[in-house]
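Heads up: the protein sequence lines correspond to chains E and A, in order. First residue of the first sequence? That's 1 in my numbering, and the numbers climb one at a time after it. First residue of the second sequence? That's 1001 in my numbering, and the numbers climb one at a time after it.
Honestly, the hints are just simulated from the structure, not real lab data. Predicted, not measured: the structure shown is a model, and the values here were computed from it.
Computed cross-link-like contacts, BS3-like style, restricted to lysine-lysine with a CA-CA straight-line distance of at most 25 Å:
(1) A:K1069 - A:K1003
(2) E:K57 - A:K1003
(3) E:K57 - A:K1099
(4) A:K1052 - A:K1069
(5) A:K1099 - A:K1069
Now the in silico label distances, taken between C-beta atoms and shown as ranges:
(6) E:L83 - A:K1003: 24 to 34 Å
(7) E:D1 - A:A1109: 21 to 31 Å
(8) E:R110 - A:A1104: 20 to 30 Å
(9) E:T7 - A:G1103: 20 to 30 Å
(10) E:T112 - A:G1103: 22 to 32 Å
(11) E:D1 - A:E1014: 23 to 33 Å
Sample of chain E residues with no beta-carbon within 10 Å of chain A, all distances over it, derived:
(12) L11
(13) L61
(14) R63
(15) P70
(16) G84
Using N, Cα and C, we set each Cβ at its ideal position, and we do this for glycine too.
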Amino acid sequence: DSGVTQTPKHLITATGQRVTLRCSPRSGDLSVYWYQQSLDQGLQFLIQYYNGEERAKGNILERFSAQQFPDLHSELNLSSLELGDSALYFCASSVEGQGSYGYTFGSGTRLTVV
Amino acid sequence: DAKTTQPPSMDCAEGRAANLPCNHSTISGNEYVYWYRQIHSQGPQYIIHGLKNNETNEMASLIITEDRKSSTLILPHATLRDTAVYYCIVSMFSGGYNKLIFGAGTRLAVHP
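With the sequences and hints as input, model every part of the structure.
Given below as structure tokens:
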């Protein structure tokens, strides 16, 4: 157990639908990062939040949005889902930047769009 | 963030040392070298990091050249469980604006 909790672990939904992925960071970590990993693809950085504020954006589609709540958990919302959105979605957390222990990743949410 | 270059794949015999190279010729003075690995479809795992001195922990050793333009991750006694994709990344140590950018990494296969 890395200390970063992602729910649900698996999600199957239909095209056009909307889903919400949840991430609880490791205790004490202020930064949350979201990554997408499609089949046989690398890890693509989507977005970063730090203490409730958006800090950096990567290759995140306009159909996707995220937020970090006062208790520091984060949610990634994916809407108008397409088959190509099927992927593993990872959340990571850190105290601030990389720090002495780098990022701590969760075990991911596997999204399947049918 | 500086770009890194790694070989796409490597093989290693079980029990032998695995030496994974990484080039980061554009690294800046305040950037550290970090190594992560991803076993199958699990979340990436932090291994080790360093600035300019060699570092060692219970998982691996990190050798950084004097000019800091390249580094080598050493797994001293590779096991089958070390089969994974290894990522070399350069990033600042702290600051709330960091983001970790993964490249393609090196796919290490440890065989009996």
